[in-house]
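Novice: From first to last, the protein sequence lines are chains A and B. Per my numbering, the very first residue in the first sequence carries number 1; after that it's consecutive. Per my numbering, the very first residue in the second sequence carries number 1; after that it's consecutive.
Just so you know, the hints here were simulated from the structure itself, not pulled from any lab data. Some hints could be false.
Identical copies go unnamed one by one, so any copy, or any two together, can satisfy a pair.
Unchecked claim - Derived DSSO-like pairs (lysine-lysine); straight-line CA-CA distance at most 27 Å:
hint, residue 1, residue 2
1, Lys-199, Lys-156
2, Lys-7, Lys-288
3, Lys-86, Lys-107
4, Lys-156, Lys-15
5, Lys-219, Lys-62
6, Lys-289, Lys-107
Number of protein chains: 2
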Amino acid sequence: MYLIDGKAVAAQMKKEISEEVLDIKKAGGKIPHLAAVLVGHDGGSETYVANKVQTCEEVGFKSSLIRYEEDVTEEELLACVDSLNKDADIDGFIVQLPLPNHISEQKIIEAIDYRKDVDGFHPINVGRMSIGLPCFVSATPAGILELLKRYEIATKGKHCVVLGRSNIVGKPLAMLMMQKAYPGDCTVTVCHSRSENLKEMCCHADILIVALGVPEFLKADMVKDGAVVIDVGTTRMPSSTTKSGYKLTGDVKFDEVSPKCSYITPVPGGVGPMTILSLMRNTLLAGKKSIFG
Amino acid sequence: MYLIDGKAVAAQMKKEISEEVLDIKKAGGKIPHLAAVLVGHDGGSETYVANKVQTCEEVGFKSSLIRYEEDVTEEELLACVDSLNKDADIDGFIVQLPLPNHISEQKIIEAIDYRKDVDGFHPINVGRMSIGLPCFVSATPAGILELLKRYEIATKGKHCVVLGRSNIVGKPLAMLMMQKAYPGDCTVTVCHSRSENLKEMCCHADILIVALGVPEFLKADMVKDGAVVIDVGTTRMPSSTTKSGYKLTGDVKFDEVSPKCSYITPVPGGVGPMTILSLMRNTLLAGKKSIFG
Numbered sequence: 001m002y003l004i005d006g007k008a009v010a011a012q013m014k015k016e017i018s019e020e021v022l023d024i025k026k027a028g029g030k031i032p033h034l035a036a037v038l039v040g041h042d043g044g045s046e047t048y049v050a051n052k053v054q055t056c057e058e059v060g061f062k063s064s065l066i067r068y069e070e071d072v073t074e075e076e077l078l079a080c081v082d083s084l085n086k087d088a089d090i091d092g093f094i095v096q097l098p099l100p101n102h103i104s105e106q107k108i109i110e111a112i113d114y115r116k117d118v119d120g121f122h123p124i125n126v127g128r129m130s131i132g133l134p135c136f137v138s139a140t141p142a143g144i145l146e147l148l149k150r151y152e153i154a155t156k157g158k159h160c161v162v163l164g165r166s167n168i169v170g171k172p173l174a175m176l177m178m179q180k181a182y183p184g185d186c187t188v189t190v191c192h193s194r195s196e197n198l199k200e201m202c203c204h205a206d207i208l209i210v211a212l213g214v215p216e217f218l219k220a221d222m223v224k225d226g227a228v229v230i231d232v233g234t235t236r237m238p239s240s241t242t243k244s245g246y247k248l249t250g251d252v253k254f255d256e257v258s259p260k261c262s263y264i265t266p267v268p269g270g271v272g273p274m275t276i277l278s279l280m281r282n283t284l285l286a287g288k289k290s291i292f293g
Numbered sequence: 001m002y003l004i005d006g007k008a009v010a011a012q013m014k015k016e017i018s019e020e021v022l023d024i025k026k027a028g029g030k031i032p033h034l035a036a037v038l039v040g041h042d043g044g045s046e047t048y049v050a051n052k053v054q055t056c057e058e059v060g061f062k063s064s065l066i067r068y069e070e071d072v073t074e075e076e077l078l079a080c081v082d083s084l085n086k087d088a089d090i091d092g093f094i095v096q097l098p099l100p101n102h103i104s105e106q107k108i109i110e111a112i113d114y115r116k117d118v119d120g121f122h123p124i125n126v127g128r129m130s131i132g133l134p135c136f137v138s139a140t141p142a143g144i145l146e147l148l149k150r151y152e153i154a155t156k157g158k159h160c161v162v163l164g165r166s167n168i169v170g171k172p173l174a175m176l177m178m179q180k181a182y183p184g185d186c187t188v189t190v191c192h193s194r195s196e197n198l199k200e201m202c203c204h205a206d207i208l209i210v211a212l213g214v215p216e217f218l219k220a221d222m223v224k225d226g227a228v229v230i231d232v233g234t235t236r237m238p239s240s241t242t243k244s245g246y247k248l249t250g251d252v253k254f255d256e257v258s259p260k261c262s263y264i265t266p267v268p269g270g271v272g273p274m275t276i277l278s279l280m281r282n283t284l285l286a287g288k289k290s291i292f293g
């Protein structure tokens with residue numbers, strides 16, 4: 001069994017991106033610039049955005065943080081999106097989700113210029129991904145594909161089972177894994193809460209991607225010998241043994257599943273660390289105008 | 001075994017749309033107006049477009065046919081798309097594919113205003129469908145969903161296997177059948193030419209949608225007893241017994257598969273007749289501004 005070390009791959013990606021930024025600087029090119037919009041003071045969102053801003057600094061990007069209080073109106077936020085769309089120095093930006101209930105997340109997402117939509121949530125990017133056209137791929141699916149690629153895991157013709165059909169993980173992963181590409185070219189099955197035959201499907205999987213958000217859902221008897229298991233779950237469970245008082249728990253019962261696997265991602269340290277680096281790479285691509293010219 | 005009679009359902013839909021157009025006329029509303037752009041003189045394209053125009057007349061729509069010779073430039077075609085986008089009387093339009101090699105189909109499709117894209121090929125419509133937002137769904141997938149609905153076929157939790165991953169049939173069907181909706185809520189598997197375990201997958205399917213374009217590909221030993229089989233194949237095979245000299249042949253070996261099925265679509269007379277009616281319904285929705293306001 002090989003452990004897929006997302007932390008090490010993310011560190012390697014950080015190094016590669018930093019080097020490319022240095023090259024751009026040396027050549028007198030434009031430094032990629034990411035803006036993040038943060039509404040309110042949700043603890044999780046604060047942490048995510050702070051990490052994104054910090055990683056920008058570490059790789060040498062410019063970054064801007066735009067903050068609004070919880071009571072910002074939809075109109076104000078749309079005006080902010082509009083000004084970021086028009087700001088020639090901003091290559092890409094994100095609006096950290098979730099947003100307060102009085103604001104339509106979908107409306108905000110659709111207002112973002114798709115050429116700056118480094119989160120890959122705009123319908124144009126989602127549609128282009130499905131069709132197989134160049135686009136911004138959202139961070140978690142992109143990170144998982146990068147792990148498969150860096151560990152040279154065979155995918156062509158294999159059966160990939162995705163547990164979960166969310167718009168930001170399950171569905172895009174399914175679309176990506178069925179494309180005529182590497183990683184990809186898989187037979188793809190998507191299971192979810194309504195699936196009658198979920199366990200049977202899991203037992204058939206060569207590659208199992210678990211994104212249900214149910215801690216330790218996947219047990220040893222649901223996994224074929226030699227399967228590749230990718231754990232996207234990150235539920236905060238109370239813990240008395242950590243300083244923070246919680247422990248990140250994956251969707252896979254790691255201790256009993258891992259001995260059966262050829263490759264498996266741990267939680268933490270698997271898929272998680274890849275997410276921010278995928279966003280950084282999208283920002284680099286945006287800065288270089290590699291996707292939409 | 002029940003035969004799914006696409007011809008009868010299409011006739012019923014035609015009646016329903018005609019009645020709605022009459023109601024619109026009575027109320028003094030705007031008559032839906034579909035335009036079709038046809039390049040060159042390909043026999044298949046000529047027939048398809050002629051059928052679309054004729055069906056428009058039968059349901060009471062306005063229709064316009066715009067013809068170009070094979071040597072039209074991409075710029076001329078883009079200018080035509082632009083003028084149709086701007087023409088307030090045109091509610092929806094299609095550019096009949098395929099186009100000559102010197103014209104980028106993707107460029108033409110992306111130039112169409114997505115609010116008039118009644119073929120549902122624009123990335124925005126594809127992306128919105130994946131996310132589960134209101135959109136124009138392309139004709140063949142929409143027609144298949146309509147058949148499942150009219151025959152009240154149970155889909156929730158069932159295993160739907162889609163053979164084929166084309167952008168206009170396989171991929172959109174997979175996205176639709178996994179949505180939290182009826183028809184939908186299925187465990188969905190997409191198989192294709194690279195799938196190692198295609199036959200095994202087929203044998204597990206409650207609903208089998210075959211869109212490979214390989215005549216009589218699906219044999220009896222690939223189908224579970226009681227399965228629902230939807231045959232999207234329409235290959236023209238030479239025939240000495242028909243006036244036209246050819247016979248439409250499906251992807252399913254009908255004679256041996258049908259006795260095992262709970263429901264099955266024939267070829268011809270199954271999925272085929274639904275396609276134009278799905279386009280008509282999209283045009284009606286465009287005329288009523290039901291989707292994009």
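Novice: Does each hint fit the structure? Answer for all of them.
Specialist: Okay, the hints, checked on the actual structure:
no.	hint	result
1	Lys-199 x Lys-156	both (23 Å within a copy, 17 Å between copies)
2	Lys-7 x Lys-288	within (26 Å within a copy, 53 Å between copies)
3	Lys-86 x Lys-107	both (18 Å within a copy, 24 Å between copies)
4	Lys-156 x Lys-15	neither (29 Å within a copy, 47 Å between copies)
5	Lys-219 x Lys-62	neither (44 Å within a copy, 59 Å between copies)
6	Lys-289 x Lys-107	both (25 Å within a copy, 19 Å between copies)
Consistency note: the structure conflicts with the earlier hints numbered 4 and 5.
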